[in-house]
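Chemist: Chain by chain, the residues run as shown.
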Amino acid sequence: MSLPRPLPALTSDNEPFWKGGAKGQLLIQQCTRCSYYIHPPTGYCPECESRDTSYSAVSGKGFVETFTVNHKQWMPGLPDRYVLALVRIAEQDDVRLVTNIVGCDPDDVTFDLPVTVQFEQAEDLWIPLFAPEAGA
Amino acid sequence: MLKASITGIGMSQLGRNTQRPCIDLLADAALEAMSDAGLTRDDIDGLTTYPGKADNSPGMSPLGCTDVREALGLKTRWHSSSSEGPAQMSPLMIAAMAVSTGQARHVLCFRALTESSSQSPTRRASVATGTGARVGGWFSWLLPMGALSATNWAAQFAQRRMYEFGATREQLGAQCVLQRANAQLNARALFNGKPMTMEDYLNARMISDPLGMFDCDIPIDGACVIIVSASDAARDCRKPPITIAAMGAALGRDSWDQRADMTQMAALDACTDMWARTDLKPKDVDVAALYDGFSVFVPMWLEAFGFCKRGEGEAFIADGQTALTGSTPTNTGGGQMSAGRLHGFGHLHEACTQLWGEGGRRQVSKAQTAVVGMGGGPLAGAMLLQRA
Numbered sequence: 001m002s003l004p005r006p007l008p009a010l011t012s013d014n015e016p017f018w019k020g021g022a023k024g025q026l027l028i029q030q031c032t033r034c035s036y037y038i039h040p041p042t043g044y045c046p047e048c049e050s051r052d053t054s055y056s057a058v059s060g061k062g063f064v065e066t067f068t069v070n071h072k073q074w075m076p077g078l079p080d081r082y083v084l085a086l087v088r089i090a091e092q093d094d095v096r097l098v099t100n101i102v103g104c105d106p107d108d109v110t111f112d113l114p115v116t117v118q119f120e121q122a123e124d125l126w127i128p129l130f131a132p133e134a135g136a
Numbered sequence: 001m002l003k004a005s006i007t008g009i010g011m012s013q014l015g016r017n018t019q020r021p022c023i024d025l026l027a028d029a030a031l032e033a034m035s036d037a038g039l040t041r042d043d044i045d046g047l048t049t050y051p052g053k054a055d056n057s058p059g060m061s062p063l064g065c066t067d068v069r070e071a072l073g074l075k076t077r078w079h080s081s082s083s084e085g086p087a088q089m090s091p092l093m094i095a096a097m098a099v100s101t102g103q104a105r106h107v108l109c110f111r112a113l114t115e116s117s118s119q120s121p122t123r124r125a126s127v128a129t130g131t132g133a134r135v136g137g138w139f140s141w142l143l144p145m146g147a148l149s150a151t152n153w154a155a156q157f158a159q160r161r162m163y164e165f166g167a168t169r170e171q172l173g174a175q176c177v178l179q180r181a182n183a184q185l186n187a188r189a190l191f192n193g194k195p196m197t198m199e200d201y202l203n204a205r206m207i208s209d210p211l212g213m214f215d216c217d218i219p220i221d222g223a224c225v226i227i228v229s230a231s232d233a234a235r236d237c238r239k240p241p242i243t244i245a246a247m248g249a250a251l252g253r254d255s256w257d258q259r260a261d262m263t264q265m266a267a268l269d270a271c272t273d274m275w276a277r278t279d280l281k282p283k284d285v286d287v288a289a290l291y292d293g294f295s296v297f298v299p300m301w302l303e304a305f306g307f308c309k310r311g312e313g314e315a316f317i318a319d320g321q322t323a324l325t326g327s328t329p330t331n332t333g334g335g336q337m338s339a340g341r342l343h344g345f346g347h348l349h350e351a352c353t354q355l356w357g358e359g360g361r362r363q364v365s366k367a368q369t370a371v372v373g374m375g376g377g378p379l380a381g382a383m384l385l386q387r388a
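Protein sequences, first through last, are from chains P and S.
For the first sequence, the residue numbers in the numbering used here are 1 to 136.
For the second sequence, the residue numbers in the numbering used here are 1 to 388.
None of these hints come from the bench; they were simulated from the model.
Owing to the predicted nature of the structure, the values given are computational and were not obtained by experimental measurement.
Beta carbons are placed, not taken as given, at the ideal position from N, Cα and C, and that holds for glycine.
Some clues are possibly wrong.
Which bits of chain P does chain S cover? Going by a derived footprint, with three or more residues having C-beta under 8 Å, they are [claimed, not checked]: (1) 7 to 17; (2) 67 to 74; (3) 80 to 86; (4) 94 to 106.
Taking CB as the label site, the calculated pair distances span [what the hints assert, rightly or not]: (5) S:PRO240 - P:ARG81: 51 to 61 Å; (6) S:ALA71 - P:ASP94: 40 to 50 Å; (7) S:ASP24 - P:SER35: 54 to 64 Å; (8) P:ALA131 - S:ASP55: 55 to 65 Å; (9) S:ARG16 - P:PRO46: 25 to 35 Å.
Just chain P, with the same shape it has in the complex:
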């Protein structure tokens, strides 16, 4: 899918997520004490109640939890056919990223499809999108 995407407002919590792509990294907030990944990021670990968090680069691999092919052009400039998906990251099942599946025909997207992150630059941000893993 090509531009123009509505873009997120940056906060101290979400900025690394949206800018990690500059170095090719998918950065997810992580609890420094118990290693739980916190998404959406809040700066507080709901598992162990620690406030000591940082951003870690994850593998960028994940699986399609569910998806939908959009068929309607919602705003000028956006295409009318693209794949919206929830991708659960390989490191932790309950981190789900809302994203697009790119690099394949929409009809080829399936449940639990292994996917790998790639980034699309938009102004000062890098939007994490996912494509089928090579050979998947």
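We have chain P already, so just place chain S on it with the hints.
Modeler: Coordinates of chain S only, in the frame set by chain P:
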């Protein structure tokens, strides 16, 4: 302990692109509800709404408590509106708690919309289109990916259910078609006079797989009022009061995408709480009014309330169980998909209509007990109503 009853209901004409002022619609609904309850404006001492005056989406909520109090000349001593709460049911729940604790005797709960008149070719009601400004909050995770409509969010639940349970479009369509048939028996329904066949349903334009045009509810202009009274004060009203027997509320994780089981919504948590607060059981329910912003919410609410097991909702519908003649008549007035989107207030209105035996040709015989489920995704409110 709740000591709250519903004593009157009112609804304006529901229309598309009426260009009527919102207060005009609201006044119709309010006067009808007060008359229904046998009350006058001097009896109304509380006022609630959801989400309060808001312009984040065109025509979504043009009126707040202040506007309504002022225009109707009410002398309320207590009011509340909140955009955060157990979905669209929050004004009813807050009113029930207010009358149970003596804050008010008769609370006028309202929902008024001009979504149809207010949407323009470039700014559709309930679609979060970008204004060029960067977006914050939970929209910031959805909009950059083109997840601009709730249709996109709901579709991902529907798709997962089809994958896990083998649910089909025809099964979802069965609910859409039966609600449209119910609307033919409801003169107030937007699509009264416009029947729909399964073929019409299946041939409709796809919006976001697997949800097509007729899986979505309809933005309208309209208003609805429900009066919640303290149970002791309710005895003086015109009609036998409808007791609010139990309520349950839920807030899921932020936002539509983080629930561990993507085949269920916060509805499950709200219903579980509701049943824990009553001796009644799902088998005691005569009629159900379940939020149908999208068709797939109906099977999810059916499962949440325990009318069938997890994964069986769509098959339960296809088996005819939600039809007027089924075990759990559901959305008997047409629901939001065929009567119009009053954000759950239409469901409350229809449940009360049935419990008062005022359903005319769509009346479920001997309806004494009803459930109402409102909300989708991470927001849910559940209510059990009983004819006194």
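Chemist: Going through the earlier hints one by one, which of them does the structure break, listed in rising order?
Modeler: Violated hints (numbers, rising): 8 and 9; every other hint is consistent with the structure.
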